[in-house]
Amino acid sequence: MPVDESNQSTAHSPDHVDVPASSDQAVQALRNGPIGAYLVASIAVGLLFLGWLAFYFLLFMPRGSIG
Amino acid sequence: MIMAAMLLVMMAIVVLTGIMGAMHPSSNVEVIDPTSLHLQGEFVESNLGTAVEPDGSVTVRIIAEQYEFVPHCVQVPVGTAVKFRLTSADVVHGFLLPDTNVNTMVVPGFVAEVRTRFAKEGEYAMPCHEFCGLGHHAMWAHVRVVPQERFANPTSVERIGCATQ
Chain A
553 MPVDESNQST
563 AHSPDHVDVP
573 ASSDQAVQAL
583 RNGPIGAYLV
593 ASIAVGLLFL
603 GWLAFYFLLF
613 MPRGSIG
Chain B
440 MIMAAMLLVM
450 MAIVVLTGIM
460 GAMHPSSNVE
470 VIDPTSLHLQ
480 GEFVESNLGT
490 AVEPDGSVTV
500 RIIAEQYEFV
510 PHCVQVPVGT
520 AVKFRLTSAD
530 VVHGFLLPDT
540 NVNTMVVPGF
550 VAEVRTRFAK
560 EGEYAMPCHE
570 FCGLGHHAMW
580 AHVRVVPQER
590 FANPTSVERI
600 GCATQ
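Chains A and B are the protein sequences, given in the same order.
Position 67, counted from 1, in the first sequence is what this note's numbering calls 619; the numbers after and before it change by one each time, with no gaps.
Position 39, counted from 1, in the second sequence is what this note's numbering calls 478; the numbers after and before it change by one each time, with no gaps.
Hints are computed from structural coordinates only; laboratory data are not their basis.
Predicted, not measured: the structure shown is a model, and the values here were computed from it.
Don't take each hint at face value.
Below, simulated SDA-like cross-link-like pairs (lysine to any residue); rule was C-alpha separation at most 20 Å, straight line [unchecked claim]:
{"hint": "1", "chain 1": "B", "residue 1": "522", "chain 2": "A", "residue 2": "575"}
{"hint": "2", "chain 1": "B", "residue 1": "559", "chain 2": "B", "residue 2": "586"}
{"hint": "3", "chain 1": "B", "residue 1": "522", "chain 2": "B", "residue 2": "564"}
{"hint": "4", "chain 1": "B", "residue 1": "559", "chain 2": "B", "residue 2": "595"}
{"hint": "5", "chain 1": "B", "residue 1": "522", "chain 2": "A", "residue 2": "616"}
{"hint": "6", "chain 1": "B", "residue 1": "559", "chain 2": "A", "residue 2": "613"}
{"hint": "7", "chain 1": "B", "residue 1": "522", "chain 2": "A", "residue 2": "619"}
{"hint": "8", "chain 1": "B", "residue 1": "522", "chain 2": "A", "residue 2": "615"}
{"hint": "9", "chain 1": "B", "residue 1": "559", "chain 2": "A", "residue 2": "616"}
{"hint": "10", "chain 1": "B", "residue 1": "522", "chain 2": "A", "residue 2": "617"}
{"hint": "11", "chain 1": "B", "residue 1": "559", "chain 2": "A", "residue 2": "614"}
Using the sequences plus the hints, can you model the full thing?
This is how it looks when you write it as structure tokens:
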């Protein structure tokens, strides 16, 4: 069956596809972990914590006890 | 590790301020017969509204019922200890005072007691914030915080309303 070259993706061509990564290379790439994701998550949680402290000490405490 | 430390800090703050500053939900538990509120006891009509105690503090007694608070508006002095005592004649209602920490459920058969002190004069809305039926959205009352000199000796009309004589 003839192959229509114009309808094929570049993934079909060995010239455009890298060789599969070895497990060693994957381990190497993940060795330092997702630093950026950790940083964003830390900033988000830190802001949440600061917000909780601000609400507690600047809003809740001055309003006084109800008991 | 950091998350655990943050949780510990938050819990320590809540526990310490709860113990040292009485910063905890109202824990008053009193039972009352909701079927005879209007006949006898503390919540008869003549005893509702604002009352000045011998020590100068103020007690406000309110009944919540579908779909209103009785009385609908109460006056209290600014900068004075105010104790709200509420109960319900029918279903569960809610009681909330903006700009204060007052936020409680009003359950039939029980007396809800909360204390606060208003720092600023003005009129505060007291909405029912516990869904109590089809008219829940219209269940509002008000507390008017007035200067202490204007609150020296409330008349019987002023006790159960915000009109002045």
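Consistency of the hints with the structure:
1. 522(B) - 575(A): This hinted pair is violated, its Cα atoms lying about 70 Å apart.
2. 559(B) - 586(B): OK: residue 559(B) and residue 586(B) at ~9 Å, within 20 Å.
3. 522(B) - 564(B): Answer holds: residue 522(B) to residue 564(B) is near 17 Å, not above 20 Å.
4. 559(B) - 595(B): Not satisfied, since the Cα-Cα distance of roughly 24 Å exceeds 20 Å.
5. 522(B) - 616(A): 13 Å, holds
6. 559(B) - 613(A): 16 Å, holds
7. 522(B) - 619(A): With Cα atoms ~10 Å apart, residue 522(B) and residue 619(A) stay inside 20 Å; holds.
8. 522(B) - 615(A): Holds: residue 522(B) and residue 615(A) sit about 14 Å apart, inside 20 Å.
9. 559(B) - 616(A): It holds: about 14 Å lies between the C-alpha atoms, which stays within 20 Å.
10. 522(B) - 617(A): 12 Å, holds
11. 559(B) - 614(A): 13 Å, holds
In this structure, the hints that do not hold are numbers 1, 4, in rising order.
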